[in-house]
Amino acid sequence: MLANAEIVRRFLELKHQVHPDVVSYIREQDDPALIDQIAAGVPEDTLVVSAEHIPGLKKVRDGTRFLVDPELEVIMGSAGTTGSVSGHEDAVHYFRNRYNCLSSMIRSRMTTMPIEALVKSPHRYRDEECSIIGMVADVRTTAKGHRLIEVEDPTGTIRVLFNKGRDESFAEAERILPDEVLGVKGKLSSDGGLFFAEHLFRPDVPINNAPFKSDRPGKAVLISDVHVGSDTFLDEAWHRFADWLQDSDAAYLLIAGDLVDGIGIYPGQDQELTIKNIYEQYDVFAEMLRDLPSRIQIVAAPGNHDVVRMAEPQPAIPPEFTAKFPENCTLVENPCLLNLQGVRVLMYHGRSIDDMIGLIPGASYERPGEIMDEMLKRRLLAAPYGMRTPIAAMKTDRLVIDPLPEILLTGHVHICGITRYRGVLGVNAGTWQAQTAFQKQMNIHPTPARAFVVDLQTLQPEVIDFS
1 MLANAEIVRR
11 FLELKHQVHP
21 DVVSYIREQD
31 DPALIDQIAA
41 GVPEDTLVVS
51 AEHIPGLKKV
61 RDGTRFLVDP
71 ELEVIMGSAG
81 TTGSVSGHED
91 AVHYFRNRYN
101 CLSSMIRSRM
111 TTMPIEALVK
121 SPHRYRDEEC
131 SIIGMVADVR
141 TTAKGHRLIE
151 VEDPTGTIRV
161 LFNKGRDESF
171 AEAERILPDE
181 VLGVKGKLSS
191 DGGLFFAEHL
201 FRPDVPINNA
211 PFKSDRPGKA
221 VLISDVHVGS
231 DTFLDEAWHR
241 FADWLQDSDA
251 AYLLIAGDLV
261 DGIGIYPGQD
271 QELTIKNIYE
281 QYDVFAEMLR
291 DLPSRIQIVA
301 APGNHDVVRM
311 AEPQPAIPPE
321 FTAKFPENCT
331 LVENPCLLNL
341 QGVRVLMYHG
351 RSIDDMIGLI
361 PGASYERPGE
371 IMDEMLKRRL
381 LAAPYGMRTP
391 IAAMKTDRLV
401 IDPLPEILLT
411 GHVHICGITR
421 YRGVLGVNAG
431 TWQAQTAFQK
441 QMNIHPTPAR
451 AFVVDLQTLQ
461 PEVIDFS
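Residue numbers are given in this note's numbering: position 273 of the sequence shown equals residue 273, and the series is strictly consecutive.
Honestly, the hints are just simulated from the structure, not real lab data. Worth double-checking, as some hints may not be accurate.
[What the hints assert, rightly or not] With a cut-off of at most 27 Å between alpha-carbon atoms, the simulated DSS-like pairs for lysine-lysine come out as follows:
id	residue 1	residue 2
1	213	377
2	187	58
3	58	395
4	164	144
5	377	395
6	440	276
7	120	187
8	377	59
9	324	276
10	59	276
11	377	164
Please read all numbers here as calculations on a predicted model, not as lab measurements.
The task is simple: from the sequences and hints, build the whole structure.
Structure below.
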């Protein structure tokens with residue numbers, strides 16, 4: 001199989017730089033002739049060879065768009081659809097559903113075999129290149145610095161070794177998370193007890209993904225983490241934001257969780273509250289929403305500070321707390337998938353960012369956009385089970401990213417971030433709360449009082465600072 005460095009070197013010899021997506025595509029196809037084929041069709045003034053230069057690779061949209069009237073539709077995550085967990089039996093269905101969804105995405109790009117076939121017939125497949133797909137049951141670093149994981153499919157389990165000497169595969173192996181689903185190409189050891197990995201495949205966003213753009217004017221304002229009731233809530237900045245909305249041409253306002261600061265979320269929180277009654281917190285937030293233009297369609301989801309269960313997916317905020325919310329406000333669950341004039345927006349509060357930052361080398365709260373890229377590569381909003389992010393294991397995994405959205409909106413970390421990964425726009429919308437005592441202690445510097453405005457006809461974002 002071609003190495004990344006070899007592919008880059010070949011393009012440089014042809015006087016071209018090459019985008020990582022193209023390198024990945026050529027490696028997956030395992031066809032060296034592709035380098036010359038791609039380079040032959042590249043215009044002379046091209047600086048970087050990108051996916052659009054791959055011959056025969058047409059942009060494809062993920063699914064059909066059904067335009068609705070009114071032009072706001074909750075595709076997934078309508079209030080009352082999360083259901084409850086009935087017992088450990090649901091966990092079996094949950095992980096099988098995750099495996100089936102994500103493995104089908106990988107299988108479309110590689111031919112694989114059941115793990116059982118390798119384990120039971122090791123001599124047949126010894127020294128032969130094979131491919132498998134499995135869910136990560138365990139991941140660790142060996143005493144010699146290699147990466148050893150255990151993967152399982154419905155037929156069996158096998159240990160997979162990523163050698164630290166293989167730069168291409170090992171760099172990705174260091175970022176493997178528990179409970180994600182991945183494909184591995186490699187060779188079986190002579191005794192059949194170990195699979196030596198050469199290349200790693202994730203479900204990922206297709207390289208030829210074509211985002212949908214609305215055919216009519218419309219703008220969506222994206223925010224998160226309002227934290228009404230906290231003594232660090234930025235009341236004046238919010239009023240500047242509300243005044244701006246009065247004169248704006250925004251059609252939608254999406255709020256990705258932590259509408260209020262909550263009660264008893266962490267020890268000593270009562271000392272940092274200006275509103276110490278949870279009902280009053282939501283009443284004040286409702287009044288803030290009623291002051292906004294009634295022409296704007298508002299969508300509000302819960303976060304880990306809101307008055308719902310912590311386990312994801314989280315149900316919508318109950319009616320007894322939202323009776324005073326305006327009629328133009330739609331309450332949804334976390335996560336939820338929206339259709340805005342045909343543009344899909346996946347809204348997720350983002351609790352799993354804590355786990356991913358702790359597990360992925362080099363990840364940082366200061367760069368939430370990179371974490372959204374990692375979610376999209378795995379096609380999972382939250383991979384590890386049993387860590388800081390509580391997950392309700394039900395019969396289907398609502399944390400799988402399927403279908404692909406045009407926009408992924410997160411919050412939680414209170415730091416604005418933006419990314420664009422293979423056509424998907426990722427936005428972490430920051431907060432409306434100044435730095436808290438805990439954040440100061442953890443050296444986290446929030447970027448508050450900002451709103452992201454996305455034009456649905458172009459999918460171009462604009463950041464407006466109200467601080």
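Hint check results:
In summary, the hint linking residue 213 to residue 377 is supported, as the alpha carbons are separated by about 22 Å, within the 27 Å threshold. For the suggested pair residue 187 and residue 58, the alpha carbons sit about 33 Å apart, so the restraint of at most 27 Å is broken. Restraint check for residue 58 and residue 395: not satisfied, since their Cα atoms lie roughly 35 Å apart, outside the 27 Å limit. With a C-alpha separation of about 9 Å, the suggested pair residue 164 and residue 144 falls inside the 27 Å cut-off, and the hint holds.
Distance check on the hinted pair: residue 377 and residue 395 sit about 23 Å apart at the alpha-carbon level, within 27 Å; holds. The suggested pairing of residue 440 with residue 276 holds, with an alpha-carbon distance near 23 Å, which does not exceed 27 Å. Distance check on the hinted pair: residue 120 and residue 187 sit about 15 Å apart at the alpha-carbon level, within 27 Å; holds. Restraint check for residue 377 and residue 59: the C-alpha separation of about 18 Å stays at or below 27 Å, so the hint holds.
The straight-line distance between the Cα atoms of residue 324 and residue 276 is roughly 18 Å, inside the 27 Å bound, and the hint therefore holds. Note on residue 59 and residue 276: the hinted pairing is violated, with a Cα-Cα distance of about 52 Å set against a maximum of 27 Å. About 22 Å separates the Cα atoms of residue 377 and residue 164, which keeps this hinted pair within 27 Å; it holds.
Going down the numbered hints, you'll see the structure goes against 2, 3 and 10, while the others check out.
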